[in-house]
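Asker: For reference, the chains in residue letters:
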Amino acid sequence: MDACRRRLVKSAAILAVDGLVSSRWRAFGGDPGFTAAKNGPKVIVLTCGGIRRAETFQEGGLENIPRLYRELLPQSIFYPFVRNEGVTSHYNTISSILTGNWQRVDDWGKTPPASPTIFELLRKRMQMPSDDAWLISSNKALSSQIGASSVREFGRRYGANVIFPKQLLINAVVNAATQGRVLHMAERSTMQQEIEAMLESNNYEGLGWSSSGETSTLDEKTHATVLQAIDDLIRTNAPVTGDEFTFLVSVEVMRRFAPSLMVITFSDMEVAHFGSYSMHVSGIRTVDRLAYELWNEIQVNQAYKDKTTLFILPEFGRDLDGSNTNGFFNHRQNDDSTRLAWMMCLGAAAKPAGVIERPIQHIDLCNTIGGIFGVMTANVSGKVLSEIRL
Amino acid sequence: MNPVMTRDHNTIGTAEAPDFTAFRGSIERLPVTLRPSLNQQLAQWETLFPFERNHLVGFLNGIESLSPAALNALTERLRALEVKMDVGHWNFSESSDTLENAGELARSEYYLEWRHEVQKIFEAIDTRTTSNAKSELRRGRLIILFLPENLPIDLNSIGREWGSHGHEIKIAGDSRKLRDLVVMGQPDQPGICELLKERESYNDADLWFIDADSRLTDALARTDFSEASSLSYSDLKPFRDNFLAELNTIPKDMTAADRIILKMRQTDWNRWWPSKIAGQERLRDFVVNLFLSGNGALIFSNAFVEWAASEALRRARPHAIVACFGVRSKPKPFTGIAIFENQEKISPMHDEDDPENSAVDAMILARYIWLAAQRYKEYDGALCLCVSERLNTAYIVAPLEMNLEISDRAVEPKDIYGWITSWMAS
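Just so you know, the protein sequences line up as chains A and B, in that order.
1 is the number of the first residue of the first sequence in this note's numbering; add one for each residue after it.
1001 is the number of the first residue of the second sequence in this note's numbering; add one for each residue after it.
The hints are simulated quantities; they were obtained by calculation from the structure and are not laboratory data.
Bear in mind that the values here come from a model prediction, so they are computed numbers and not experimental data.
For every residue, glycine included, the Cβ atom is placed at its ideal position computed from N, Cα and C.
Treat the hints with caution; some may be incorrect.
No more than 27 angstroms apart at the CA atoms, straight line, and that leaves these computed lysine-lysine pairs for DSS-like [unchecked claim]:
id	chain 1	residue 1	chain 2	residue 2
1	B	1252	A	140
2	A	140	B	1330
3	B	1330	A	110
4	A	124	A	305
Computed, partial: chain A to chain B, Cβ under 8 angstroms [unchecked claim]:
id	residue
5	41
6	108
7	111
8	273
9	324
10	342
Distance windows between CB atoms, simulated [claimed, not checked]:
id	chain 1	residue 1	chain 2	residue 2	range
11	A	85	B	1086	18 to 28 angstroms
12	A	153	B	1088	24 to 34 angstroms
13	A	70	B	1170	51 to 61 angstroms
14	B	1272	A	300	30 to 40 angstroms
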C-alpha cells in the first residue's frame, strides 16, 4: 500500500475511534480516568483466518512470512503444532479460543458462545472496566454476540467491546451498489453523500458493533473527515485491504484506551473462498506485515512496552490440494492440513524463547491468558501452557 | 421384489423414466440424514446427467436388493447416531440439501462419526451395484487445459505445480494451433468432437468446453458441431450480473438463506441466458447449481473454469474435457473489501488486467482440475495435457500404455494432436 493511501486509511481509523472516544466520554460521565493506562499485564491476541502450514511455516511458505520467520520467531515461544479439534468455521473457532471450550453454536453468530469468554472471566473477577476488553475484527462471519456468552452469571455486562471496522467500509460500498447510484461514484461529493447517508442511518449496532458507551451517530467533524479519507482512497487505482483498516483502528484503540485484553482478527486471506490463490497469499503477507507492525507498536507504546504478551495464531489451516472440498478454497476437511495451525507467543510472558513441539490446542489459550492475569478459570477444557507465565 | 428398474445401471438411457413412487419408498427406508440429497436428485431428475441418473438408479436398486434385516444391520449405527445427535429436534429438511442441514450436521459433536457411517453405507451399497462397471468406460479419457498466451506463466512454476506426475514437452512453432486442432480438427484429422460423436452412446454431456473468455467457444462456433456442453464465463455475463445481485440479498441467517436459494432455483432467468445455450435446460441448471455452490465461480473467471470443470467431472464423468483459462482484472479500491460485489457496477474506474497474478491462479487451478479427475476411477490413466501458449510448452501426464517417447525435441502441434486422437481411438 502506498504512503498516501496508508495515510488516508489511518485518518479514517483515527476518526472512527474518535467517534467511540467521544461517545464513551459521555457514557462515563466525562471521567478522564477511564483512558488512563493500566499498570497490570496486557495481552493481545492476533488471530487470522485459515492459512495452511504449507504457505507459512513450511519450506516454500517461508517467503510469505519474512517478518514472522526472521524477526519475530527468534524472540518467541513457538508452538508448531496447534490443533483445532472443533468446528472449523470462524465463529465457532474464535468462540472456542475465547472460552477455552469447543463451541458448537450457529456458524453465522446468531447465538453467543455457550460458556464464559475470557473477557467475561477477567472483567468479572478483576472488576475490569468495560473499556479494558476489546475485540476488533475484519471477519464478516462474526457478530457482536462473540463478545459475551449466554451464561446468566456473566453475559454482556462483562463482555468486550466488539467492533468491525471493515464492515463500515463494506456497508458504504454495498449501500452505494444496491441503491443504484453507483454511476455517480466518480464524483467525490456524491460519494461522500452516499457514505454519510449510510452512516447516519446505521448506528454502531447497525454496523454490527457492540460498545457499552454506544451512540447513534458520529459528530459532524468525524463524518466529514472520514468521508474525505474514503473519497481520496477511491481515487487511487489499487485495492484497499480490510485488515489494514482493522489494524489501524486497533492501534488507535491501544493508544486511547490501552485495554488490558484485546483480540484482533484478520481475514484478508479468506479471499481464498473465491478461488484466487494469489490474493490469498497476498492476505498472508499482509498478516505478516501487520503482525510485525503491531509488535513494533507495542514496543513504543508506553502503556504496553515490557508488560504485554502477544499471541499470534491462525484459526485453522485450509483443505488439502485435491480434496473433495476444493483445496485451498475452503476449511472443512477433517485433515491435518485444515486442523493443524501454529502459534507464536511474544513478549512479557514468553521467556525464554524456544520451540515447543508438544501438540497443543486452540482452547489452551483461554486458560493461559487467565494465568497471565492470575485468574484461575473453572469449567474450561483447555490447559494452561506452562511455558507462558509472568 | 425389486420395484424399480432391473437393468444394468450402466446402460439405463436418459429417456427412461423411473418409478418415482417406488424410488421414494426406497429412500424412506433409509435413516433421515441420508434422505435429503437422494430426494433432491429425484426431484431434479429431468436435469440430471446420464451418469447421475445411472448412479442414482443403481444406488436405489442396491437398497432394494437388501433384505430388511440386512439394511437394518447396515444402517443401525447411523440411526443410533441420529438419535444421539438429536436430529428429530432439528429443523431438518428431508426433501433437499439445505444450508441449515449442513450447519446442524457440521456443528454436531458426532459429525465425524456420522460422516464415517454415511461413507460406510454408501460404499457398501455402491459395491453391490458397481461390480459390473465396464472397463472400457475408463478408456480414452481426455483432459486438456490451455493457459493462453496472455498468461505470463513462469517456466519453473509448471514443474513445481505438477511435480513428477508427468513430463514437460516443447511445442514447435505456434502452440495456439493445438487449441484449434483440438476443437476443429484439420482436413485429414477430425476434431475431438467428431471422434467422440462416432461413439455409440455419445451424448452432449460426454464432451465439455469450459472457457474463461471465448477462445474455445469461438473456435467451436466455426464448426457445425453443437452436441457438446460448452460454457463461457464471458458469455454468461448478463446472467452472472443478475444472479450475483440477487445472491447478495441473502442475509446472515441460514433459514432465510435457504429460502432465497430455493427462490433463485425457481426464478425464470430466461432473458439473461446467452443464446448459445438456448434450450439446454440441463446445462442451465448446472450453471445455477454451480453459482449457488460458491467457490468463486461467480467472481473470478479462472475459479469458474476450475469449479465448472470439477463439477462436470463429478456429475457427468465426460469422456473429454477441454478448459481454457484467462486473465482477471485487478480489484479496484473498495471492491477488494467487498469482493463479492460487482466491480464494474461499483466503480466507474476502467478495469485493469492482472496477468501476473492471473497466471499464478491459473497454474494452480489447472492442476486442481487434474486432481479432481483423479478422485474418480473413470480417469485412472486418463491423458492430461496442460498447455502454456506463452511458453510453447505442454505438461503431459500420459498413461503408460501410450508409450510416448518424450525427448527434448520440440513437437509439432499436429503431432501432439495425433497422440490425442490415437489415444481417443484406443
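Asker: Which numbered hints does this structure break?
Answerer: 3, 5, 7, 10, 13, 14
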